[in-house]
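Chains as they are written, first to last, in the numbering used here: chain S, 1 to 204; chain H, 1 to 204.
The hints are simulated quantities; they were obtained by calculation from the structure and are not laboratory data.
Just so you know, not all the hints are guaranteed correct.
Okay, derived cross-link-like pairs now, BS3-like style, lysine-lysine, Cα gap no bigger than 25 Å in a straight line [unchecked claim]:
#1 K70(S) / K56(S)
#2 K54(H) / K70(S)
#3 K2(H) / K54(S)
#4 K70(H) / K56(H)
#5 K160(H) / K56(S)
#6 K149(S) / K160(S)
#7 K56(S) / K54(H)
#8 K2(H) / K2(S)
#9 K160(H) / K163(S)
#10 K54(H) / K163(S)
#11 K56(H) / K56(S)
#12 K163(H) / K160(S)
#13 K149(H) / K54(S)
#14 K160(S) / K2(H)
#15 K70(H) / K163(S)
#16 K70(S) / K149(H)
#17 K160(H) / K2(S)
#18 K163(H) / K149(H)
#19 K149(S) / K163(S)
#20 K2(S) / K163(S)
#21 K149(H) / K160(H)
#22 K56(S) / K122(H)
#23 K70(H) / K54(S)
#24 K56(H) / K54(S)
Predicted, not measured: the structure shown is a model, and the values here were computed from it.
2 protein chains.
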Amino acid sequence: MKSIEFWFDFGSNYSYLSVMRVVRNGIDVVWRPFLLGPIFQSFGWNNSPFVLQKEKGEYTWRDMARQCAKYGIPWRMPTEFPRLGVLPLRIMLVAEGQPWAGEFARRVMLRNFHLDQEIQSKDAMTSILVDLGLPAAEIIAAATSDATKARLREQTETAKTRKIFGAPTFFARGEMFWGNDRLDDALLFASEPKNVTRIARVDQ
Amino acid sequence: MKSIEFWFDFGSNYSYLSVMRVVRNGIDVVWRPFLLGPIFQSFGWNNSPFVLQKEKGEYTWRDMARQCAKYGIPWRMPTEFPRLGVLPLRIMLVAEGQPWAGEFARRVMLRNFHLDQEIQSKDAMTSILVDLGLPAAEIIAAATSDATKARLREQTETAKTRKIFGAPTFFARGEMFWGNDRLDDALLFASEPKNVTRIARVDQ
């Protein structure tokens, strides 16, 4: 099965676009939840660049509105940004390899960027899981276990090791692609062997 | 005539992609040369983010190679980055409204990102202008006049006023678009009145 690794944080607005767009027939999505905050902190930033850089931030919200209109994705400017979403990231680790992972991710993202609601409480996550017909209490217990907490920290360390500096980030056949603007390139590269030639040529 | 404003610096690698791609039948390109350095300095940065952020920088060069391969644009990793190109930016002010502006911009960009050569000397600029059959000495005299020097400083101040935070930046019908990844959106918006509706809807 062809596959794409998708590294994301639920607080990241450009990850939202990719979560809503990533599904493709014949390409398996390997979900890689991680915490973007510690990555930014390692660069000496105590917040998102969209908060720290006023001009870039203002532009970003205009861009988000336009991009959502372009792709037909719902959008409401979040009143809190970036939203902390540690619990749903941990739930994504429990969801690994499960058929409900993608739909859970979409529901959490829609809560954040369409409904403008918090994505951190057990109540909110229970509501989403129950809607999906899943054993919410059991999943949340697994997500809040020490083992899962440790796994999320490890995954964030792995993100650093793999030189991830933002989200969303994709890997297809070992090539890294950064940003929703590269999702199509990454999917094409994952799906069409002939593109290997094009990228390989780049190394000469 | 439909038009697009194109704000760029010759040292900017993503501006290179857009300079090579911007030509479209029926859309006038209004060239807006400016100095990106003072904009970055106003954010407290003493260099390009691709130099200051190691991981992002490494990725950027891989991305550039792939993007150039995708668009069929020649590429050689510059041994000096970012290259200072104040003289060609001043020449672009002299070129304002002239039919040779676009071709001059492409030649300068190709010197930087394909030939890996400096873009700051009078010799280099003379060579390009002579190749284009232009009165090089006269143009360089105009470009290095106090009036033109002042105009480049003013244009850079205008960039700040218009909240430009990077290059390339485009304006089409008053909408700002940032980055080579938004060039197609900007051109579409400049060319098709029906898109006004789509963007206007965003304001509701």
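Comparing the hints with the structure gives:
1. K70(S) / K56(S): Within the cut-off at roughly 20 Å; holds.
2. K54(H) / K70(S): violated (33 Å)
3. K2(H) / K54(S): Violated - the C-alpha atoms of K54(S) and K2(H) are around 31 Å apart, more than 25 Å.
4. K70(H) / K56(H): Roughly 20 Å between the alpha carbons, so the hint for K70(H) and K56(H) holds.
5. K160(H) / K56(S): holds (12 Å)
6. K149(S) / K160(S): Holds. K149(S) to K160(S) sits at ~17 Å (cutoff 25 Å).
7. K56(S) / K54(H): holds (20 Å)
8. K2(H) / K2(S): Roughly 44 Å separates the two Cα atoms, so the pair is violated.
9. K160(H) / K163(S): Violated - the C-alpha atoms of K163(S) and K160(H) are around 32 Å apart, more than 25 Å.
10. K54(H) / K163(S): Judged against 25 Å, a Cα distance of about 9 Å means the pair holds.
11. K56(H) / K56(S): holds (17 Å)
12. K163(H) / K160(S): Status violated; Cα separation ~32 Å.
13. K149(H) / K54(S): Distance of about 29 Å is beyond 25 Å: violated.
14. K160(S) / K2(H): violated (46 Å)
15. K70(H) / K163(S): holds (23 Å)
16. K70(S) / K149(H): Judged against 25 Å, a Cα distance of about 41 Å means the pair is violated.
17. K160(H) / K2(S): Not satisfied, since the Cα-Cα distance of roughly 46 Å exceeds 25 Å.
18. K163(H) / K149(H): Given pair K163(H), K149(H) holds - Cα atoms ~22 Å apart, limit 25 Å.
19. K149(S) / K163(S): holds (22 Å)
20. K2(S) / K163(S): Distance ~23 Å between K2(S) and K163(S) Cα, so the pair holds.
21. K149(H) / K160(H): Judged against 25 Å, a Cα distance of about 17 Å means the pair holds.
22. K56(S) / K122(H): violated (35 Å)
23. K70(H) / K54(S): violated (33 Å)
24. K56(H) / K54(S): holds (20 Å)
The structure is inconsistent with the numbered hints 2, 3, 8, 9, 12, 13, 14, 16, 17, 22, 23, although it conforms to all the rest.
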